[in-house]
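In terms of UniProt numbering, the sequence shown has 40 at position 40, counting the first letter as 1, and numbering is strictly consecutive.
Because the hints were derived from the structure by calculation, they are not lab data.
Just to be clear, a hint being listed does not mean it is correct.
What the hints assert, rightly or not - Pairwise CB distance ranges (calculated): (1) LYS24 x GLU111: 20 to 28 Å; (2) LYS87 x GLU232: 37 to 45 Å; (3) VAL233 x GLY73: 26 to 34 Å.
Beta carbons are placed, not taken as given, at the ideal position from N, Cα and C, and that holds for glycine.
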Amino acid sequence: MSATAGDEAAVAERLEALRRKLGKKQHFEEAVADLAATLRDRYAGASPALRESMYSTVCRVATVLQTRYTAPGFWRAGLNLFVATEKLLTNPAEKERLKTCILRAREHLDEKENEESMPTNREPDTRFLFEGHLTVGQEPPPPAWLVAQNLTRELNILAEPSGDQNGNNTRTELRPEEMTPAIMNFLNTLSGDAELESALEASLQGITAQPKVPPASKEVVANLPVVTVTEEVIARLGSETECAVCRENLVVDDKMQELPCKHLFHPPCLKPWLLTDLDGYPAG
Numbered sequence: 001m002s003a004t005a006g007d008e009a010a011v012a013e014r015l016e017a018l019r020r021k022l023g024k025k026q027h028f029e030e031a032v033a034d035l036a037a038t039l040r041d042r043y044a045g046a047s048p049a050l051r052e053s054m055y056s057t058v059c060r061v062a063t064v065l066q067t068r069y070t071a072p073g074f075w076r077a078g079l080n081l082f083v084a085t086e087k088l089l090t091n092p093a094e095k096e097r098l099k100t101c102i103l104r105a106r107e108h109l110d111e112k113e114n115e116e117s118m119p120t121n122r123e124p125d126t127r128f129l130f131e132g133h134l135t136v137g138q139e140p141p142p143p144a145w146l147v148a149q150n151l152t153r154e155l156n157i158l159a160e161p162s163g164d165q166n167g168n169n170t171r172t173e174l175r176p177e178e179m180t181p182a183i184m185n186f187l188n189t190l191s192g193d194a195e196l197e198s199a200l201e202a203s204l205q206g207i208t209a210q211p212k213v214p215p216a217s218k219e220v221v222a223n224l225p226v227v228t229v230t231e232e233v234i235a236r237l238g239s240e241t242e243c244a245v246c247r248e249n250l251v252v253d254d255k256m257q258e259l260p261c262k263h264l265f266h267p268p269c270l271k272p273w274l275l276t277d278l279d280g281y282p283a284g
């Protein structure tokens with residue numbers, strides 16, 4: 001192994017160690033500062049593979065912040081990392097992802113500042129997304145690959161016959177003209193990938209030809225299971241099990257929600273897709 005290859009291997013091991021430290025509250029800020037220094041010193045001369053590892057570790061910081069931490073100090077550390085990293089990146093898609101992370105961090109810090117300036121006796125709201133009260137606020141659009149891979153599967157699950165108040169099974173057909181706005185909304189989120197657009201259009205055309213039922217009720221959605229990831233869960237599902245949206249591997253203490261397809265999602269990752277999906281269909 002050459003000196004350069006050995007040096008990069010050491011950096012890769014360091015990045016893996018930092019990813020583990022991000023999940024520990026007492027080490028989070030230290031790990032973020034160490035990661036920022038590593039990118040500053042090593043990114044420009046790194047190989048494509050090492051650059052990808054650095055970028056994915058920064059994305060892990062964003063995921064951990066959205067799913068675990070609310071303290072302004074943690075988010076401020078994350079914001080500084082995102083700003084510094086965005087300046088180093090050259091891949092347009094990666095730069096856009098970091099710009100979204102920067103926007104989200106600034107919004108979170110603004111919200112916290114407003115909360116602190118308005119005293120309240122209310123208990124902290126720890127409810128999940130699916131408790132019948134969807135949170136408000138700008139979220140990043142759902143990834144195009146998520147639309148292409150999961151839209152048909154989830155809608156087919158919702159298309160199963162459901163009983164009415166008289167015990168009769170009913171199916172409600174979704175008319176093509178009702179589907180058109182949703183199709184255009186999804187296509188507008190794509191980034192010029194002609195192959196992906198064609199696949200998505202074909203999938204959605206198949207959907208419009210199938211009988212549909214209204215979306216699941218809030219009560220049904222609220223009962224979607226929430227899984228707290230433990231060592232036992234990782235051992236059972238496998239160490240490579242990941243969130244079906246952000247593609248981050250599960251780590252201990254992650255909070256995941258499970259859809260009927262058995263895929264696991266971080267609640268903040270699933271929220272944009274869920275809102276877009278439900279808005280495209282008539283309520284029962």
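Hints and how they fare:
Hint check: LYS24 to GLU111, Cβ distance near 25 Å, so the stated range 20 to 28 Å holds. The given range of 37 to 45 Å is respected by LYS87 and GLU232, whose C-beta atoms sit roughly 41 Å from each other. Separation of VAL233 from GLY73 is about 29 Å and conforms to the stated range, judged on CB atoms against 26 to 34 Å.
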